[in-house]
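Residue numbers (my numbering), protein chains in the order written: chain Y, 1 to 356; chain H, 1 to 356.
Keep in mind that the hints were calculated from the coordinates and are not lab data. Don't be surprised by glycine CBs; every beta carbon is placed ideally from N, CA and C. No incorrect hints appear here.
Calculated cross-link-like contacts (lysine to any residue; reagent style SDA-like; alpha-carbon spacing at most 20 Å):
#1 212/Y to 72/H
#2 212/Y to 212/H
#3 212/H to 71/Y
#4 125/Y to 148/Y
#5 123/Y to 74/Y
#6 212/Y to 99/H
#7 224/Y to 323/H
#8 224/H to 86/Y
#9 329/H to 235/Y
#10 125/Y to 200/Y
#11 212/H to 100/Y
#12 212/Y to 70/H
#13 224/H to 235/H
#14 329/H to 24/Y
#15 329/Y to 24/H
#16 212/Y to 92/H
#17 212/H to 99/Y
#18 212/H to 97/Y
#19 212/H to 72/Y
#20 343/H to 317/H
#21 343/H to 19/Y
#22 224/H to 324/Y
#23 212/H to 92/Y
#24 212/H to 85/Y
#25 329/Y to 235/H
#26 212/Y to 71/H
#27 212/Y to 95/H
#28 224/H to 323/Y
#29 212/H to 73/Y
Label-pair distances were calculated between CB atoms; the ranges are:
#30 350/Y to 347/H: 56 to 66 Å
#31 225/Y to 328/H: 16 to 26 Å
#32 287/H to 316/Y: 58 to 68 Å
#33 27/Y to 324/H: 24 to 34 Å
#34 299/Y to 258/H: 52 to 62 Å
#35 287/Y to 207/H: 38 to 48 Å
#36 355/H to 234/Y: 23 to 33 Å
#37 301/Y to 26/H: 24 to 34 Å
#38 19/Y to 143/H: 31 to 41 Å
#39 208/Y to 258/H: 50 to 60 Å
#40 225/Y to 123/H: 31 to 41 Å
There are 2 protein chains.
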Amino acid sequence: MGPGPSTVPARILQAISAPTLGHLDPQYIEYMDETCEMIRQVYRTQNALTFPVSGTGMAGMETILVNLLEPGDEAIVMINGVFGGRMKDNMERCGATVHAVEIPWGKSFSLDQFAEAVAAHPKAKMLGVVHAETSTGALQDLGGVGDLLHDAGMLFAVDAVTSLGGHDVRVDQWGIDAIYSGTQKCLSCPPGLSPVSFSDRAIERMEARSTKSRSWYLDVSMLKNYYTGGGGRAYHHTAPINMVYALREALAIVLEEGLDARIARHREMHELLRDGLQKLGLCYIPDHSLCTLNCVTVPEGVDEAAIRRRLLDEFDIEIGGGLGVFAGKAWRIGLMGESASQKNILTLLAALEACL
Amino acid sequence: MGPGPSTVPARILQAISAPTLGHLDPQYIEYMDETCEMIRQVYRTQNALTFPVSGTGMAGMETILVNLLEPGDEAIVMINGVFGGRMKDNMERCGATVHAVEIPWGKSFSLDQFAEAVAAHPKAKMLGVVHAETSTGALQDLGGVGDLLHDAGMLFAVDAVTSLGGHDVRVDQWGIDAIYSGTQKCLSCPPGLSPVSFSDRAIERMEARSTKSRSWYLDVSMLKNYYTGGGGRAYHHTAPINMVYALREALAIVLEEGLDARIARHREMHELLRDGLQKLGLCYIPDHSLCTLNCVTVPEGVDEAAIRRRLLDEFDIEIGGGLGVFAGKAWRIGLMGESASQKNILTLLAALEACL
Chain Y
1 MGPGPSTVPA RILQAISAPT LGHLDPQYIE YMDETCEMIR QVYRTQNALT FPVSGTGMAG
61 METILVNLLE PGDEAIVMIN GVFGGRMKDN MERCGATVHA VEIPWGKSFS LDQFAEAVAA
121 HPKAKMLGVV HAETSTGALQ DLGGVGDLLH DAGMLFAVDA VTSLGGHDVR VDQWGIDAIY
181 SGTQKCLSCP PGLSPVSFSD RAIERMEARS TKSRSWYLDV SMLKNYYTGG GGRAYHHTAP
241 INMVYALREA LAIVLEEGLD ARIARHREMH ELLRDGLQKL GLCYIPDHSL CTLNCVTVPE
301 GVDEAAIRRR LLDEFDIEIG GGLGVFAGKA WRIGLMGESA SQKNILTLLA ALEACL
Chain H
1 MGPGPSTVPA RILQAISAPT LGHLDPQYIE YMDETCEMIR QVYRTQNALT FPVSGTGMAG
61 METILVNLLE PGDEAIVMIN GVFGGRMKDN MERCGATVHA VEIPWGKSFS LDQFAEAVAA
121 HPKAKMLGVV HAETSTGALQ DLGGVGDLLH DAGMLFAVDA VTSLGGHDVR VDQWGIDAIY
181 SGTQKCLSCP PGLSPVSFSD RAIERMEARS TKSRSWYLDV SMLKNYYTGG GGRAYHHTAP
241 INMVYALREA LAIVLEEGLD ARIARHREMH ELLRDGLQKL GLCYIPDHSL CTLNCVTVPE
301 GVDEAAIRRR LLDEFDIEIG GGLGVFAGKA WRIGLMGESA SQKNILTLLA ALEACL
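All chains should be modelled from the sequences, with the hints used to inform the complete structure.
Dropping the structure here:
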């Protein structure tokens, strides 16, 4: 019940241990195609260029940015926590000039704030924002942002690491051009892959680059030949075969439950937890909280690390501490995928009560 | 029996399916430390900065290069196959001016050729070479190269993807400053991690950089706080937990067999295969062949892809086709880790005879 990895169901642990096929074996290519198709379904997109990057969530962030940005480009990044800040660092490493719009941690951006950022930096090629800030528990409403950006000729890049599979993520409807997530949060798969998706608009901009991507490993101009079947499935690098088995099973579980039902379950579990935490006198930090990550203030005079340690040692429950400006001041309680269950919540509430 | 992934032993498939711990869980940190210590043993190094990169072998290559090179640097790369060429591409993406020394595919470099390269490009910061060229099956002798480079003030970077765990790799004795490998070759682990190691000399040069690494995901200046315990195990990214379980088990198996015994087994199996292939009239392409990858010419008039397909469909054996200039002209037969067995070799020879 930390900020991830979440609990991995036995079916997925069974799937990950299947014999390792070759990365060009026709049977494996079939599994990979099925995996990409299911990623499309959970992202609610028709984007052809949708695949799992061979690295954890942060490799997904880097994949989006190294392929869309090059030296001379301008980019806007909205920062309200650790991961917006990382996006800025990453954009700068791509050689872009970055305009950061910062608000206090825990707050979310209004549509007006997006409009102001676009008006202030009309030459920006891209705007990046975090849908679910894992460091603060804030949910960002993305409605209307895509139209605003497209009218200004900008690309819309989104971090969905802590939302995919737990909150609604509507890539096509919201006009998202590039998005990444992780497997170990609301998909309840072990960490090791990052599902990404690029719109045709994004592909056009990538094809118009005048320099190579700064990363060879994450260069989509080569990866797309392997993942989308163009160019005869050309070998690029050896994919993490067993991790793909795991992700395929995890996505199958998500779709068996049904995306809408799964999102509703995350909301119900969040409400149950919120109710209990408030009865214990704990206050939520963000105005607009995620269901999947619940960030609350540690009461005055409480040694937060000691309590986390006791929860782990005595009750076998992991919760997260604060990150960045919230270090030592917050707890982060995950309700992600398999972990978002009534039993977990009731146990945690009882254990927390005992510790406090 | 292709160029990798090799057959994964059941013990490793069992290990990979253990419940997913948190990446900051003390138990997991212990597993990770054990894994790093075993990587040191198979690399025969005392280097503190030795860890598994969270990506496949090519992410290891990129880790070495993005951390050691920056714009304005010069670098030398020795090219005798696909992977030397990739190293060149990668070095250029780091902003370095690259001097390539090319010889025909299948050949290996003499110590004189290294000396000439160093003399011709005295300002180079690094020389990169592939120990085991997976595209041609050529083994590169590395003896004496380290001294030559260090006398000239250069760093020695090595690709050991297809040698680690099958051929002798002596990082400290050979004066290697930066090295990477993959898990899915002679370690017989699923693909997904890349064991790397950096010498103190390499760390000094990294600390003297004037720009940030072009990759955030692979930035060793941040990763070392997590992997070597400095800075209180600071969170950087979520490590691929279950893959680390698998690598830990794979390394334990290597060390139980014993490095010397394992290397001797690869040599014996190579001799058995070579003998049989020659009796079938097949000729080795490289002068100085790897034991772990056997690259032979396809006889005139034979449809090589059809034979590979038949081996897979009728005999359940995978071998590799040629890469690059050898596409359609060569077969690549792996004898890596678990796959390097008498039973496999006898079955393949009989099957190949039937197909030819």
